Amino acid sequence: MNNTKTLYDGGKVITGLVIFVILVTLPFWYNHGKAAPEPQPQLTAKAKAEKACVRPKSIMKATHMQILNGWRNNVVRNARRIWETADGKRFNMSLSKTCLDCHSNKEKFCDTCHNYAAVAPYCWDCHIDKVKEAKE
Amino acid sequence: MNVNYIASLITVVVLFLIAYVGTQVVGLQVLFGIVIPYLALVVFLAGFIARVLNWARSPVPFRIPTTCGQQKSLPWIPSATVDNPSTTGGVIARMAVEILLFRSLFRNTKARLKGGERLSYEWEKWLWLAALIFHYAFFTVIVRHFRFFLEPVPAPLKWLQSVDGFLQIGLPGVLISGFALLAAVIFLFLRRVFIPQVRYISLASDYFPLFLIMGIAVSGIFMRYITKVDVVSVKALTMGLITFKPVLPETVGGLFYGHFFLVSVLLAYFPFSKLMHLGGIFMSPTRNLANTSREIRHINPWNYPVKVHTYEEYEDEFREKMVEAGLPVEKEPATGTSQEKE
Amino acid sequence: MADDLLKPHELIANIKPRPPQTGWMDTPVKIRKGMYCYASNPKSVAALGFPNAREWNPLDEDWKLPPNWKEIVFEGMRERLDRFRTFKVFMDICVRCGACADKCHFFIGSGDPKNMPVLRAELLRSVYRRDFTTAGKLFGRLAGAREMTLDVLKEWWYYYFQCTECRRCSVFCPYGIDTAEITIMAREIFNLLGLNIDWIATPVANCYRTGNHLGIQPHAYKDMIDFFVDDIEDITGVRLNPHLNKKGADILFITPSGDVFADPGTYTAMGYLMLFHFLQEKYGLEVTWSTYASEGGNFGFFTSHETMKRLNAKMYAEAKRLGVKWILGGECGHMWRVIHQYMDTMNGPADFLEEPVSPITGTKFENAKSTKMVHITEFTADLIRHGKLDLDPSRNDHLVLTYHDSCNPSRGMGLLEEPRYVIKSVCNHFYEMPPNTIREQTFCCGSGAGLNAGENMELRMIGGFPRANAVKYVHETHGVNMLACICAIDRAALPTLMEYWVPEVNVTGVHELVANALNLPGQQERTTDLRGEPLPGMEADDE
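Residue numbers (the numbering used here), protein chains in the order written: chain A, 1086 to 1221; chain B, 4 to 345; chain C, -8 to 534.
Certain hints may be false.
Where chain B lies over chain C, by a calculated footprint (3+ residues, C-beta under 8 angstroms) [to be verified]: (1) 259 to 270; (2) 503 to 513.
Think about it this way: if two alpha-carbon atoms lie no more than 20 angstroms apart in a straight line, the pair counts; the simulated SDA-like pairs of lysine to any residue are [as the list claims (entries may be wrong)]: (3) C/K7 / B/L116; (4) B/K310 / C/K311; (5) B/K231 / A/I1104; (6) A/K1090 / B/K161; (7) B/K128 / B/F149; (8) A/K1136 / A/K1146; (9) B/K324 / C/G206; (10) B/K113 / B/M98; (11) B/K161 / A/K1136.
Rather than coming from a laboratory, the hints here were simulated on the basis of the structure.
From a predicted model like this one, the values you see are computed outputs, not experimental measurements.
In this text, a Cβ means the ideal position worked out from N, Cα and C, and glycines have one as well.
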């Protein structure tokens, strides 16, 4: 070929490639320079005093939504309200009355991680208002 | 048993295990969580660009669209403006329909010999449907994963997620795209295995990406719904990569690294494989040119002069006979009957 | 037709329902009689200065290849990859989805997996991968790569001469991969090695020298036209005075030489002559034929891009020499692919011609304003639309028609409605074949791209099976007895195909139908059609 460096339809090809590269590397541009620190959920005084949750912290971090789902099913479908932990502690299976009793700071506890990971649990569709009403 | 898909399956399983064992036993988190992902992205981008530029270095010497409908000719004959475009707008529409809706695959038929002698052509929609589901599901899954790479997460991503999870089944809520992707990939694999002709043409490099994507989907589904990962730590890792301040949270497990490694392999493999059809479809001259071949002169950059048989040479050979037959000639033959050319 | 050709039902029974047990790379090619065309005559190869002209026989073990043939293949591929983006992209992006598989007439008719367009392309792709891609070099067979060997070359040769470059697969491919393009490259490489088939090489050599594939010399060409004039006078009572090589005519007309040479194309040629006579008498339009540019078709297209250009150059050269305004092209398939998609680029710009305008209707052929060549069905459809022809369609009432879209005008141009409009204007009984077999999905006659030889009859009948099957369908459901087409290869190939699969159906060009219906000024009462068959209601004359 005459000149192997020549690009044919170069304008269109380069434009397409630039758009492609920008799309692929979008996160780098979007976040550039910004630190995105891992969220630090805060414990209330009450939670700190309690020391332990219904399960160990690492399990709670990854699976609390499944525990809550289990609780809901147990309460609503089986009418069982008591949750017993491995070491014999008993809890009322209730988001509002048990979880949010200690973790009453939803914005600084639940929401920090949920927002970070872009999770929008539909728990709050009902429960959060109830909590507010109860407090008022 | 077919060596092509067995080899591909084993490769993907081994790749997964390498990452799993590498991080959980040998402790190579730095390699699998930081070095390889960066390398994979660089290889992907550089390889993709190089491949496309390589295509662009070859010209399109002739305007040869495959015309799939009526041309634009006489004003009273309606032309197929999309399937046989005569304008740039038409070409853009044709490409859009091709890329977004898989127009050509939608035409797919299956030829059958009925009653031993009559050929019939049935509309074969399953390949089109599975391919469409596969690509859209994969696209949705990729876009959804941007929540791990953007902070704060933009609202449209959240909307996409809520659409994807509109079924509101279970907790964490089922996202349809992941399962649709897996189902479509399995369908595409099964048709490769069970349709004899398709099995016959399938190479290891056809099965490998399918298994790779299957592995990615399965490990992802496991992480989200079954074994669970600490999503916040995962995002800490990914955001560390994006902001060039890599961190390796301890709570991120082997399954994640397996998933992440398969994705890295897919990225690095991409430019060297048939997956480049992503870029290639934009460059296909039978689709991306307007059918204006007789209306606008297309230039061939390497058009070179060729040796032709001129009219003069022709007449020199046949002049006598032409004159005898009463055909007009440029040069009258020499007097007498002797050939002029001697 | 060959005596040892299988019967139709045997041919159908031979269609392999499944691919063989061995993988395609491990199934060596068997070059089988009836399925290949004879090797090119060395004289024809040498006539155009192609390399490696020699006597050789595809059935022989030794093809007498030049010692550095592998290097020639490699360099040939490299050069073509650099010149054609199509080739490069089509080598790289196929995902082997298989959508093209049962779109190929040769695959439908044979069941041979190497006739699936995807696999036909893989034959070449496998070598491309090995020689030109990293993945192929590293992973070999796992990446679908294989080494170039003599067996591979023979396999290429066998299967790339079982492709008619019809582009049907390209319609269905999600990336528009066009096997025709790949076949064209493969055949270019064969020509570097002197491996053309004679049915292509000799017409090319003829065309180069005499102006047409059949090697008809100018005086003989004139004789043929004179025969037609006599025949037309017998039928219509009108004596035509056609123009040949006439300087200063309005329009140069070029059509495939097959139309002046063999039935039923000859009736189409008579049709053109009558139409031009009518236009001259009524409107003073002067159309000239040329003996130098006496070939519309271009078997160079089946040889190499360069050969195509060398043969095609005559069209513009002759138009310039004769000083016509623009060029009108007859009914032909691949001729129109070359004119529409290649001619202007190769041999243009045709700045010595005028932008084509029909002097009779004033219609500007905007779509041809650069190439300056108009398809005769575009031209005639426009005349009919404006009521410029005096037509009596009842003279075609003995015909029940269907229309076969030729591959190239359909998929390389989009000429679909013009011929239909003409047919429907000159005939009263017209039925379409099933939708999956017409328009852009039309099936090849099975003999295109230079494969209409006599020795490969089994291949041709296999390849034409889907087309014939659709004709048979309309024959049985609507009583169709005539298959119209706008391609000279069709007119040469379809009669044989019909005789084999649907003997009750004959083949005609569109302008034969036009001429049957066209009332010439001063004609006698017409009692027969152009073929001398009595017209409906005229049979009684014989009693």
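Structure-based check of all given hints:
Only residues whose C-beta sits within less than 8 angstroms of a C-beta in chain B count toward coverage, and the segment 259 to 270 of chain C has 0 of them, not enough to reach three; the restraint is violated. With 0 residues having a beta carbon nearer than 8 angstroms to a beta carbon of chain B, the segment 503 to 513 of chain C misses the requirement of three or more and the stated coverage is violated. Our distance criterion of 20 angstroms between C-alpha atoms is met by C/K7 and B/L116, whose separation comes to about 12 angstroms. Simply put, B/K310 and C/K311 have alpha-carbon atoms about 18 angstroms apart, close enough for the 20 angstroms limit, and the pair holds.
For the proposed pair B/K231 and A/I1104, the alpha carbon gap of about 36 angstroms is over 20 angstroms, so the pair is violated. About 45 angstroms separates the Cα atoms of A/K1090 and B/K161, which puts this hinted pair outside 20 angstroms; it is violated. At most 20 angstroms may separate the alpha-carbon atoms for a hinted pair to count; B/K128 and B/F149 exceed this at roughly 32 angstroms. For the hint pairing A/K1136 with A/K1146, the CA-to-CA distance comes to about 15 angstroms; that is within 20 angstroms, so the pair holds.
Simply put, B/K324 and C/G206 have alpha-carbon atoms about 14 angstroms apart, close enough for the 20 angstroms limit, and the pair holds. Distance hint between B/K113 and B/M98 is unfulfilled; the C-alpha atoms sit about 25 angstroms from each other, more than 20 angstroms. Proximity of B/K161 to A/K1136 is assessed by CA-CA distance (about 34 angstroms); at most 20 angstroms being required, the pair is judged violated.
Hints 1, 2, 5, 6, 7, 10 and 11 from the earlier list are contradicted by this structure; the remaining hints agree with it.
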